[in-house]
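One line per chain: the protein sequences are P, X, E and U, in this order. 8 is the number of the first residue of the first sequence in our numbering; add one for each residue after it. 8 is the number of the first residue of the second sequence in our numbering; add one for each residue after it. 387 is the number of the first residue of the third sequence in our numbering; add one for each residue after it. 387 is the number of the first residue of the fourth sequence in our numbering; add one for each residue after it.
Hints listed in this document are in silico derivations from the structure and should not be mistaken for laboratory results. One should not assume that every hint holds.
[Said to hold, decoys possible] Below 20 Å or equal to it, Euclidean Cα-Cα: the simulated DMTMM-like pairs (lysine to aspartate or glutamate) are:
1. P:127 to U:455
2. U:457 to U:418
3. P:127 to U:441
4. X:127 to E:449
5. U:394 to U:455
6. X:127 to P:144
7. X:127 to E:441
8. E:457 to E:435
9. P:127 to X:144
10. P:97 to P:156
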Amino acid sequence: MTTGNLRPPRLRPGALNLAEFLAQPAPPHCGALAVFAGTVRNLHDERAVTGIRYHAYAPLAEKRLAEIEEEGARRYGVRLAVAHAVGELKVGEISVVVVARAGHRGEAFAACRWAIDAIKRSVPIWKEERYADGAAEFLEGNPLRPVSEP
Amino acid sequence: MTTGNLRPPRLRPGALNLAEFLAQPAPPHCGALAVFAGTVRNLHDERAVTGIRYHAYAPLAEKRLAEIEEEGARRYGVRLAVAHAVGELKVGEISVVVVARAGHRGEAFAACRWAIDAIKRSVPIWKEERYADGAAEFLEGNPLRPVSEP
Amino acid sequence: MQHNGSMKVHVECCGAAARWCGAEELSLDLADDATVETLLERLSALHPELARRRDRLAVAAGETVVPRDHKLTANERLALIPPVSGG
Amino acid sequence: MQHNGSMKVHVECCGAAARWCGAEELSLDLADDATVETLLERLSALHPELARRRDRLAVAAGETVVPRDHKLTANERLALIPPVSGG
């Protein structure tokens, strides 16, 4: 697994805690912080959702999340941190976090947007939705693609 | 001043605390949270900055911040919360926060970006930068414009 | 106090306007048919830094931005809003 | 164990692939010149739900996505990566 030496893993069991990702003080040369968090919704295609179980293929998922941080830093000149939950999450809980710190807001927003899109297309993670009627289904998803795409 | 009944004021003395804006649980129908925070940078046009004093014309600034929340909610179908600091801030401290909660990420990012741009063009607030050499200067700025612009 | 067809108005000089005008607050006697334009005319004649930005200033009364032809009233409180730089 | 020109490979069925294949993990005997393509051929013949998505699957070995012509080795561990839906 490609986890940094002292940093927490990017793939974590259970809901993410946004505050943890924002506790670090802003680097003095960064004037902009853009954050994206994805949470479990209570509806999907008008079907009542009670929770989502996130599955991952961990070795590649960890590596891809790390690559997204590096590629985003390279493309936008920002500091990026990303993390994704695995396991059972309830409605309202946070499944994915992207934090971008940059000199100015343009790059911060662009990097944040690019990173969440890259996570959705390039990281081997799957949503298994749990419905109010007791059923559970995997969403259909999109074929896995490399990190280094527009 | 146009402050909501129970909500804290949108214009606040001293640095903002981002965690406070993120403590509320996500509404169950919102799958996306986009956040922007602006922090005081240590450099402006290659001059060393030690801090910024933010001045505001409070009656209109409060009203405009409230209008930005309403207009953003109307335009993008999101929940928006904005706040801006006044008074002395040090390098790295947070001067402005925008929080957008939406069904999906597209609207959340769009509303967040629109709101910070609207704050910069439509709210009567001024930066007085403090420099390492002891000088202090107001930035030149842009003429005040209405909230309801693209 | 209004006499001889003149009235007093009060001006809050926001942000850098306090430096341009040399004070955070000003009180002025103006003719009782004065408008925002009259006020800016008077202040610009005295304060060249303000005059330079005259077209880039806004003027507010309370929560409202008022146009140049806004008729001032006795003891009205106005705010001079220089180009903004928040964020 | 390799004998008679065959070898064993191990397959982790990720996400919905576990349902399509009826197991989280599979071990298969394949000819010792088998490729990823051979593996997908075998599994598709058995599992119609997998066959339907065959062109939309990726296959990984450890941290690496491997192409269809990747030559498998004895006891190699592979992962079937169905279309992804994280976020």
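Evaluated hints:
Restraint check for residue 127 of chain P and residue 455 of chain U: not satisfied, since their Cα atoms lie roughly 26 Å apart, outside the 20 Å limit. Between residue 457 of chain U and residue 418 of chain U the CA atoms are separated by roughly 9 Å; this keeps the pair inside 20 Å, and the hint holds. Taken as a hint, the residue 127 of chain P and residue 441 of chain U pair is honoured in the structure, with Cα atoms around 19 Å apart against an allowance of 20 Å. Taken as a hint, the residue 127 of chain X and residue 449 of chain E pair is honoured in the structure, with Cα atoms around 18 Å apart against an allowance of 20 Å.
Restraint check for residue 394 of chain U and residue 455 of chain U: satisfied, since their Cα atoms lie roughly 18 Å apart, inside the 20 Å limit. Between residue 127 of chain X and residue 144 of chain P the alpha-carbon distance is near 45 Å, which puts this suggested pair outside the 20 Å criterion. The straight-line distance between the Cα atoms of residue 127 of chain X and residue 441 of chain E is roughly 19 Å, inside the 20 Å bound, and the hint therefore holds. Using a Cα cut-off of 20 Å, the hinted pair residue 457 of chain E and residue 435 of chain E is violated, with the two alpha carbons roughly 25 Å apart.
A C-alpha spacing of about 45 Å is found between residue 127 of chain P and residue 144 of chain X, which places the hinted pair above 20 Å, so the restraint is violated. Using a Cα cut-off of 20 Å, the hinted pair residue 97 of chain P and residue 156 of chain P is violated, with the two alpha carbons roughly 32 Å apart.
Hints 1, 6, 8, 9, 10 from the list above are not met by this structure, while the remaining hints are.
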